[in-house]
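S.K.: From first to last, the protein sequence lines are chains F and Y.
Mapping to this note's numbering: the first sequence position 85 is 85, numbers consecutive.
Mapping to this note's numbering: the second sequence position 40 is 40, numbers consecutive.
Check each hint, because a few of them may be wrong.
[Stated by the list, open to error] Keeping only pairs whose Cα atoms sit at most 35 angstroms apart, straight-line, the calculated DSBU-like set for lysine-lysine is:
1. 121/F / 170/Y
2. 121/F / 144/F
3. 116/F / 286/Y
[Stated by the list, open to error] Label pairs and their in silico Cβ distance ranges:
4. 136/Y / 28/F: 31 to 37 angstroms
5. 202/F / 75/Y: 16 to 22 angstroms
6. 218/F / 140/Y: 47 to 53 angstroms
7. 104/F / 15/Y: 28 to 34 angstroms
8. 194/F / 108/Y: 29 to 35 angstroms
Simulated from the structure, these hints should not be mistaken for laboratory data.
Values in this document were obtained by computation on a predicted structure and should not be read as measured data.
C-beta atoms are modelled at their ideal positions from N, C-alpha and C, and glycine is treated no differently.
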Amino acid sequence: MTLLAQVPTGSGQPPPEPPAARSGRYRLLPYLLLLPGAAWLLVFFGVPLVQLASASLYDPSGSLSTGYAMTWAFGNYPDVLQAYWPQFLRSFGYAGVALVLALLLGYPLAYAIAQKAGRWKNLLLVCVVAPMFTSFLVRTLAWKTILSDNGALVGLLRDVHLLAPDGRLLATPFAVVLGLTYNFLPFLVLPLYASLERLDYRLLEAASDLYASPVEAFRRVTLPLSMPGLIAGTLLFFIPASGDYINAELLGTPNEYMIGNVIDSAFLVRLDYPQGAALSFLLMAAILAVVFGYLRRAGTEEVL
Amino acid sequence: MAETPAGDLRLANLTKRFGIFTAVDDLSLTVPQGSFFALLGASGCGKTTTLRMIAGLEEPTSGQVLLGDRDIARLRPYKRPVNTVFQSYALFPHLNIFENVAFGLRRRGIRSVDDEVLRMLSLVQLDGYGNRRPAQLSGGQQQRVALARALINRPQVLLLDEPLGALDLKLRRQMQIELKRIQTEVGITFVHVTHDQEEAMTMADTVAVMNAGRIEQLGAPADIYEFPATAFVANFLGQSNLLAGEAAGTAGGEVAVTAHGGRFSVPAGRARADRGAVHLGVRPEKLHLVGSADQVPAGHQHVTGVVTDASYVGVSTQYLLRTGWGTELSVFAANSGAVAQVPVGSEAVAYWDPRHAFLLPRDVADSDRTSPVLDEPVGASS
Ligand SMILES: Nc1ncnc2c1ncn2[C@@H]1O[C@H](COP(=O)(O)OP(=O)(O)O)[C@@H](O)[C@H]1O
Ligand SMILES: [Mg+2]
Chain F
1 MTLLAQVPTG
11 SGQPPPEPPA
21 ARSGRYRLLP
31 YLLLLPGAAW
41 LLVFFGVPLV
51 QLASASLYDP
61 SGSLSTGYAM
71 TWAFGNYPDV
81 LQAYWPQFLR
91 SFGYAGVALV
101 LALLLGYPLA
111 YAIAQKAGRW
121 KNLLLVCVVA
131 PMFTSFLVRT
141 LAWKTILSDN
151 GALVGLLRDV
161 HLLAPDGRLL
171 ATPFAVVLGL
181 TYNFLPFLVL
191 PLYASLERLD
201 YRLLEAASDL
211 YASPVEAFRR
221 VTLPLSMPGL
231 IAGTLLFFIP
241 ASGDYINAEL
251 LGTPNEYMIG
261 NVIDSAFLVR
271 LDYPQGAALS
281 FLLMAAILAV
291 VFGYLRRAGT
301 EEVL
Chain Y
1 MAETPAGDLR
11 LANLTKRFGI
21 FTAVDDLSLT
31 VPQGSFFALL
41 GASGCGKTTT
51 LRMIAGLEEP
61 TSGQVLLGDR
71 DIARLRPYKR
81 PVNTVFQSYA
91 LFPHLNIFEN
101 VAFGLRRRGI
111 RSVDDEVLRM
121 LSLVQLDGYG
131 NRRPAQLSGG
141 QQQRVALARA
151 LINRPQVLLL
161 DEPLGALDLK
171 LRRQMQIELK
181 RIQTEVGITF
191 VHVTHDQEEA
201 MTMADTVAVM
211 NAGRIEQLGA
221 PADIYEFPAT
231 AFVANFLGQS
241 NLLAGEAAGT
251 AGGEVAVTAH
261 GGRFSVPAGR
271 ARADRGAVHL
281 GVRPEKLHLV
291 GSADQVPAGH
301 QHVTGVVTDA
311 SYVGVSTQYL
321 LRTGWGTELS
331 VFAANSGAVA
341 QVPVGSEAVA
351 YWDPRHAFLL
361 PRDVADSDRT
371 SPVLDEPVGA
381 SS
């Protein structure tokens, strides 16, 4: 009420400034709240990022024992690209195929849980998340057992001649893609679920009342309205999947290695820091390029 | 969808059960082609469910929905020449107003929709709103978009589920006139659901009063108002004073009734029962107040009481008259200047012309049913 009383009645005059002390405190508050998070980011993300960037420009002839010299060796980048472009391509290829598989599995799943599950909704959601309670490594090792040459699955597939007598599942691109699909599926399903859950079924009734067949109603109403979840889900799936190395390591052979495996070995086996750092930066740049390209396209499609 | 043979909309023994609950109970009615039909009833009486069965969004438990002589009860909704204005509007939030309105035409593969959509938007007075999203519109504007979106398809039957519910009074009156005008212009059958009796009476050619999943009475608004079929209708459509009495048969074209010690009569043509337990009904505006019994004109009937309340509402004064046996009668006296105000607390006599009374059968357990307290003021709204 007191604030209202201060508003001048004459037109064109801005209301008087509230007392300075008050406004000063309120202006600072958002930044104060931001401080812990910003500090965390700076120390644990900003600093390592800068360090990694400089490591990627070290003299490649140095080593951990002799020490590295900072020589602004931009040549590291073309060098690693030339040496490891197949792994780069493979990363995005596997992650892309896995994404398509995950969409085929995940969209109907998210839709069913969100719109059709009724009182089973929560239970089904728990089932989607439950595998996350065990470690990524353990889950992938379990797949290794399932797909192993003397496992029941391979035996069955050989018996029904879907697999040649000496055919295998483990140590094939199929196994790696399967592992990626499985391990990152929840990241796709959960955001999709969130936006499909908000979908008002009455809109589908309206579409159907307005001559839209179920297929058309899906295309014109369900799909566009689930776009935010779809975009978030595909990104949350694709980004970690393309940088992953555990699945290729455990379910594949060096022939299936992805760029994550190369970075892993550069840092931990070959101890070639400049190479590892340059690869990491390239991966980051490539993912950013893919993501921005995707968002541009998906963003405009959503508007149409 | 214009190629389907035209015809009346008929519901035949239509029933819908949800579990053990019967929402629509053996409903049969005919809506003549091109007419404005109002389905009037209290909230929860099954109006929406009935519309949804016509639209195909709810499958009937039993019964038929006929359009002309074609049973469409099992046709998918998108194959029916029927469109709905939903109670919740159900506008597509991701599409702008133009695309919302164009939706039906596009789904039927019509390429050039621009002219038609713009014409429709101007019909509902939303010119220039085509590029906005539904969320940027007020409730009333959204409702008009919903109307345009359905109407543009020129369906054989347009279903309107309380389409004016969200509008303020002024806009509602305006839209009622507009809707009626549009309906006359395009000649489409309108089935209009509402719980507003005034809306139903002003707009519809035929009104069906629905109660607990059944039709209580169906007819022209004036016919229903002047001669209601049941006590429910008598009090749902306007107000009525219902006196519990006993009828003693017809003699000389009159039905004799005794109620609370008084003797009354009703013309046989205004009696829906002439023997046993009955309600003698008189509308409040058909009652006139005078100071004493000798002022009652010849041929009229009367009851005596004490005025307990008088509310002045401008066009009329609404009195409550407590009768000798304790029931309060409602009397509306037009403020025409011809009669003096009757002070509260004074004795008064209410009289009426027997030709304005009506007689309804009564459950024996039922005693007097006078005008219920309305949650919406009736006379004050226009
Ligand atoms: N899907 C449903 N499941 C169970 N009961 C329902 C369902 N739809 C409506 N009903 C019930 O049927 C009755 C009639 O509902 P409705 O047709 O929406 O009433 P109205 O539109 O006249 O207000 C209500 O009592 C409502 O609770
Ligand atoms: Mg309703």
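S.K.: Does each hint hold? Answer for all of them.
M.R.: Hint check:
1. 121/F / 170/Y: Between residue 121/F and residue 170/Y the Cα gap is close to 45 angstroms, so the pair fails against 35 angstroms, i.e. violated.
2. 121/F / 144/F: Holds - the C-alpha atoms of residue 144/F and residue 121/F are around 31 angstroms apart, at most 35 angstroms.
3. 116/F / 286/Y: violated (56 angstroms)
4. 136/Y / 28/F: 31 to 37 angstroms: holds (35 angstroms)
5. 202/F / 75/Y: 16 to 22 angstroms: With a Cβ separation near 20 angstroms, residue 202/F and residue 75/Y satisfy 16 to 22 angstroms, so the hint holds.
6. 218/F / 140/Y: 47 to 53 angstroms: violated (31 angstroms)
7. 104/F / 15/Y: 28 to 34 angstroms: violated (42 angstroms)
8. 194/F / 108/Y: 29 to 35 angstroms: holds (34 angstroms)
Checked against the numbered hints given earlier, the structure breaks hints 1, 3, 6, 7 and satisfies all the rest.
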